[in-house]
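One line per chain: the protein sequences are X and Y, in this order.
First residue of the first sequence: 1, per my numbering; consecutive thereafter.
First residue of the second sequence: 1, per my numbering; consecutive thereafter.
Derived from the structure by calculation, the hints contain no laboratory data.
Heads up, a few of these hints could be off.
Partial list, computed: chain X residues near chain Y (C-beta under 7 angstroms) [said to hold, decoys possible]:
| id | residue |
| --- | --- |
| 1 | 23 |
| 2 | 343 |
| 3 | 347 |
| 4 | 348 |
| 5 | 366 |
Glycine included, every Cβ here is placed at the ideal spot set by N, Cα and C.
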Amino acid sequence: MRVIRHLLDVPSTDPDGQRRARLLNILLLGVTVVTLSALLATAVVGMTGLEEWEQIAPLSRGIQAAFVGILTIFAINRFWSGWLASSLFLLLLTAVFAFTDTPQQVVDGRALFLFAIPIMMASVLLRPWASFVMATLVSLVIAVIALSIDFVPPAPTMLGFFTIALVAWLSARSLERALKDLRVLNQDLDRRVVARTRELAETLSKTQAILEGIADGVIVFDNDAQAILANPAIAGLLGWPTDEIVGCDVETLIGDNVSSNDRDVLIDLLRSGEMASPAGVKFEWGDKTLSVSAATVSLNTGEIIGIVAVFRDFTREAEIDRMKSSFMSTASHELRTPLNAILGYTDMLQEGVCGPISERQRGTLERIAVNTDRLLGLVSNLLDQAQIEAGMLMLNVAPFSLADLIGDVVSMVDVLARAKGLDLTSHIADDVPTTLFGDRQRLHQILINLVGNAVKFTEEGSVSIRAYRADAERWALKVADTGCGISLEAQEYVFDPFRRADESLTREHTGTGLGLSIVKQLVDLMEGEITLESEVGRGSTFTVVLPMVPPAWSKLRAASP
Amino acid sequence: MSNPIALIVEDDYDLSNIFAEALQAAGFESEIIRTGDKAAARLASVTPDVVVLDLHLPGIAGTDILDRIRADSRLAEARVIVVTADACMAETLREEADLVLVKPISFSQLRDLSARLK
Numbered sequence: 001m002r003v004i005r006h007l008l009d010v011p012s013t014d015p016d017g018q019r020r021a022r023l024l025n026i027l028l029l030g031v032t033v034v035t036l037s038a039l040l041a042t043a044v045v046g047m048t049g050l051e052e053w054e055q056i057a058p059l060s061r062g063i064q065a066a067f068v069g070i071l072t073i074f075a076i077n078r079f080w081s082g083w084l085a086s087s088l089f090l091l092l093l094t095a096v097f098a099f100t101d102t103p104q105q106v107v108d109g110r111a112l113f114l115f116a117i118p119i120m121m122a123s124v125l126l127r128p129w130a131s132f133v134m135a136t137l138v139s140l141v142i143a144v145i146a147l148s149i150d151f152v153p154p155a156p157t158m159l160g161f162f163t164i165a166l167v168a169w170l171s172a173r174s175l176e177r178a179l180k181d182l183r184v185l186n187q188d189l190d191r192r193v194v195a196r197t198r199e200l201a202e203t204l205s206k207t208q209a210i211l212e213g214i215a216d217g218v219i220v221f222d223n224d225a226q227a228i229l230a231n232p233a234i235a236g237l238l239g240w241p242t243d244e245i246v247g248c249d250v251e252t253l254i255g256d257n258v259s260s261n262d263r264d265v266l267i268d269l270l271r272s273g274e275m276a277s278p279a280g281v282k283f284e285w286g287d288k289t290l291s292v293s294a295a296t297v298s299l300n301t302g303e304i305i306g307i308v309a310v311f312r313d314f315t316r317e318a319e320i321d322r323m324k325s326s327f328m329s330t331a332s333h334e335l336r337t338p339l340n341a342i343l344g345y346t347d348m349l350q351e352g353v354c355g356p357i358s359e360r361q362r363g364t365l366e367r368i369a370v371n372t373d374r375l376l377g378l379v380s381n382l383l384d385q386a387q388i389e390a391g392m393l394m395l396n397v398a399p400f401s402l403a404d405l406i407g408d409v410v411s412m413v414d415v416l417a418r419a420k421g422l423d424l425t426s427h428i429a430d431d432v433p434t435t436l437f438g439d440r441q442r443l444h445q446i447l448i449n450l451v452g453n454a455v456k457f458t459e460e461g462s463v464s465i466r467a468y469r470a471d472a473e474r475w476a477l478k479v480a481d482t483g484c485g486i487s488l489e490a491q492e493y494v495f496d497p498f499r500r501a502d503e504s505l506t507r508e509h510t511g512t513g514l515g516l517s518i519v520k521q522l523v524d525l526m527e528g529e530i531t532l533e534s535e536v537g538r539g540s541t542f543t544v545v546l547p548m549v550p551p552a553w554s555k556l557r558a559a560s561p
Numbered sequence: 001m002s003n004p005i006a007l008i009v010e011d012d013y014d015l016s017n018i019f020a021e022a023l024q025a026a027g028f029e030s031e032i033i034r035t036g037d038k039a040a041a042r043l044a045s046v047t048p049d050v051v052v053l054d055l056h057l058p059g060i061a062g063t064d065i066l067d068r069i070r071a072d073s074r075l076a077e078a079r080v081i082v083v084t085a086d087a088c089m090a091e092t093l094r095e096e097a098d099l100v101l102v103k104p105i106s107f108s109q110l111r112d113l114s115a116r117l118k
């Protein structure tokens, strides 16, 4: 194969020259075949004695000479000049045609048409205008032959030859033009492709550089939730090499590494690219806490092609948050203890444990108690306030089951309720959806507080928890008890973060832990409402109304195109 | 008949005094113990009628003492008043406590409640 290719190779680098030389090779091949067949025929004829050897001897010699000629032309074409080879070929052809038949036939008969062949070939083997040269040469040869046998040179035929030459010239020219245009076009295209590829490579490497440089982890998921891109930073955060991350789908990536609470929220975020709250989702990963935010990636047409998720190491912030909380509870405890001691001793004095006291002494002691109580309240609320603010960092809005939540709270309070002989009931109305959106942990705090208080302040009767649909956009929780109730004056300040106790009132027993002020603040945070109905001696009912769709969620939805 | 005995297990100086006074005013003989280890030891030798137990103790945890009291048949009659600052803890406590009070406890409240337990 290679040998043949080597043989057929042409020295010219010009595409037109190459084409012509190749064409010549093809023609030579054709002629060779014909010649070979003729040789075979003569050999057969000679061997079988069909004709006299002397008759066919010149023919066979002629054929042998033709062979030599073909080989020579081939060699010239291959190793020297296509021009020369083609010219020789055409001349040879013309010569051969001039002697194929009797001179009469050549100039006036059936052999005349043969001369059209080299005229047409000239256009494609040499140059388009070479057909005219060939036509001239052929005409000359015919004229000479004609004159040699006293014939009139066939002028119309010669004119015909020139016409053929014209046609050949036109076709060859337009062909070569077309080919040239194509070549130019090709080159132009090639150039453009090269330039564009270079541009693309530059942009790509810039983008790549940016992605590699960012400190935050980036994963891009396609519409089937498969990771198609991951940068080095995420490899560091997750502790897996980049090529293991790419190709995984969301569930595989998260696997069992994330606690079940966070898992569903996280998967939902990574699959949809929709953020429930601007703060994103926080989750534990090994010994780190990570925070992730996501967004959809869309083209100019609006078509969504994937989701990009940005991960950040939140461990430090989470640690600070925990430290703050733990500092808060310690400080809280430390500050409250001496105040409680003061109240205790004051109480003792008032009760006459240390001896009888006068009315004036009693009154003064009462003032000490009221102010200490007030201080206690301020301290408690200041610290609770700070705690809420600290806790806000870890707010996670997600779908949750209301039935589960209420169930949890009930089981926590049930023991105490039963010990006191109270009837603790809960009920969820049918028109409340089974899954609601919100921060489950915070709602739990609210509920445990309200229900815990209800049980604490009720000595007999019942505590009931009701959940129902307030209207199309809101749902409500109602905690009602048959306890001691809250006076109208107290109702005024029961939610206040900084209670301004009426100075003439006696100190009331209060529990600590998270107060109603916290409950109100949490409800406000969720853009809900809390109201109280109470009558001293009859009981209290706290009603919390919350939006079905947390505001952060709806704001985000409205903002996205 | 001698007065019923109350054991106050509380590490804070002032609070333990107040609790002791309260139980005293309710008619008990109060004894103050300030650590969990001492409480465990004392419970082995005395049979109190009421134990006022603070959960936040140095040494053995308050909940351990509670478990021990309930496990001991000799102390089956003892009433335990658990005192704690943690409201959530209070609400999750098992039925082993007869009464769970959340700090701050008022003197008079403790006195009246414990009087009922006599």
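Legend entry - List of violated hint numbers, smallest to largest: 1, 5
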